[in-house]
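Generate coordinates for the entire structure from the input sequences, incorporating the hints supplied.
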Amino acid sequence: MYEFSYQRPGSLAEAIAAIKSADDGQVLAGGQTLLPTLKQRLAMPSDLIDLAGIGELKGVSVDGGNVVIGAMTRHADVAGSAEIRAKIPALAALADDIGDRQVRNRGTLGGSIANNDPAADYPAACLALGATITTSERKLAAEDFFTGLFETALGDGEIITSVSFPVPDKAAYMKFKNPASRYAIVGVFVVKTGSDVKVAVTGAGSGGVFRVPDMESALAANFSAGTLKDIEVSADGLNSDIHAAADYRAHLIGVMARRAVEACG
Amino acid sequence: MSVTVSMTVNGKAVTGKVEPRTLLVQFLRDHLGLTGTHVGCDTSQCGACVVHVDGESVKSCTALAVQAEGAEVTTIEGLAKDGVLHPMQEAFRENHGLQCGFCTPGMVMSAIELVQGRPDISEKEIREGLDGNICRCTGYHNIVKSIKAGAAAMKG
Ligand SMILES: Cc1cc2nc3c(=O)[nH]c(=O)nc-3n(C[C@H](O)[C@H](O)[C@H](O)COP(=O)(O)OP(=O)(O)OC[C@H]3O[C@@H](n4cnc5c(N)ncnc54)[C@H](O)[C@@H]3O)c2cc1C
Ligand code: FES
Ligand code: FES
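Protein sequences appear in the order of chains A and B.
Residue 9 in our numbering sits at position 9 of the first sequence, with consecutive numbering throughout.
Residue 404 in our numbering sits at position 139 of the second sequence, with consecutive numbering throughout.
Be careful, since some hints might not be right.
Covered by chain B, according to a simulated footprint, are these stretches of chain A (three or more residues, beta-carbon under 8 Å) [unchecked claim]:
hint	region
1	4-10
2	232-239
So these bits of chain A aren't anywhere near chain B, every CB distance computed over 12 Å [stated by the list, open to error]:
hint	residue
3	48
4	59
5	65
6	225
7	229
No lab work stands behind these hints, which were simulated from the structure alone.
The C-beta atom is built at its ideal place from N, Cα and C for all residues, glycine as well.
This is how it looks when you write it as structure tokens:
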């Protein structure tokens with residue numbers, strides 16, 4: 001790791017001030033992505049601004065038809081939250097299947113979506129549930145937040161404060177995981193609310209998370225796994241790597257989507 | 266530039282001067298001489314470095330010492346009391362849950378958190394719960410057996 005200075009502000013206002021006054025500041029959440037990146041000397045921030053001491057960024061609340069989760073809420077806390085398990089069990093299950101216990105004890109919702117790894121789980125949930133991401137500066141729809149591979153709409157020094165997830169009628173997430181890293185080779189999140197259906201795919205796209213409109217309209221007309229039988233997903237624009245070729249990923253999207261619809265019951 | 270960190274390690278208050286980039290595992294091993302916590306991969310994969318921070322299992326190669334400011338840290342050295350092994354350590358010994366022993370400190374620390382309040386944890390739950398710990402010797406069979414026995418023993 002290159003050298004950096006470390007600060008642990010006690011409030012969001014102090015964190016914003018710290019990041020604005022640093023030469024090249026970066027926020028530290030759970031560190032489960034950032035610390036490995038620093039160890040490999042792939043980044044050299046002048047200052048790390050640790051968000052762990054900011055109480056207002058942690059916790060879960062239910063606000064009308066939405067579940068609002070603080071950016072610094074850890075995967076283990078989302079998995080164990082009675083409120084999330086009652087309102088959006090698919091989201092709690094997703095968090096419970098991220099990485100391993102030690103990663104879930106540190107890694108956070110905000111860190112995961114800020115990083116926007118193309119194989120991360122939360123981006124699929126945000127897109128399929130139609131989440132709204134609140135930052136230190138504005139509110140963004142998930143559609144507008146994830147802009148490409150490891151890219152988001154976040155500006156310099158902009159800090160995610162919370163994510164609001166509308167409670168759906170039904171939702172399920174199915175992930176075909178890399179057995180070594182547990183990241184998604186393909187993950188499909190299916191949501192049904194009234195007659196609206198959303199299908200979001202992670203792990204597969206070379207531009208990151210994306211939706212599948214053909215599946216969505218077919219499922220909106222007839223919400224059953226059988227409906228998806230004849231829908232071919234094109235391998236164009238999908239990843240090929242040592243774990244899986246693009247056409248295999250295309251096939252897996254169909255399989256995971258059908259399983260997710262079945263799991264919606 | 267160095268900074269001062271203070272935390273409780275195995276029940277004792279400790280203070281040290283570290284660089285902000287000093288990892289928790291480096292602080293434990295190099296500054297405090299607690300070499301029971303191992304570094305297997307240094308890339309957050311293997312779990313040899315697992316310790317407890319405020320009662321939760323954490324990969325100490327993927328945490329900064331400064332992040333543990335004010336925390337209660339427990340390492341493998343902190344488990345035995347008055348020369349008597351912790352029930353989970355004893356279960357590993359009884360059930361031949363180790364061969365070379367390199368992964369063992371991390372396995373034991375992960376196991377203790379995993380079985381907390383779950384004396385009847387199933388073999389499947391143990392195998393899933395060990396996702397973050399890799400062993401190159403045993404094939405896991407006796408580790409799982411040890412943890413099942415340790416879980417039952419911790420109840421009493
Ligand atoms: C072994 C291992 C397995 C993993 N498996 C999975 C998996 O199966 N699925 C999965 O989805 N993920 C997986 N991860 C990644 C894990 O979920 C990380 O916790 C997550 O990607 C990053 O969250 P963090 O809180 O650790 O963020 P950090 O590492 O602290 O930060 C990541 C990035 O986000 C920025 N950031 C953090 N918080 C904010 C904020 N509030 N506002 C703005 N920017 C912010 C940081 O500056 C940094 O650039 C795995 C990681 C490891 C080490
Ligand atoms: S040394 Fe920390 S996970 Fe391998
Ligand atoms: S006993 Fe040798 S690595 Fe596990």
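Status of the hints after comparison with the structure:
no.	hint	result
1	4-10	holds (count 4)
2	232-239	violated (count 0)
3	48	violated (7 Å)
4	59	holds (17 Å)
5	65	holds (32 Å)
6	225	holds (26 Å)
7	229	holds (31 Å)
Violated hints, listed in ascending order, are 2 and 3; each of the other numbered hints is respected by the structure.
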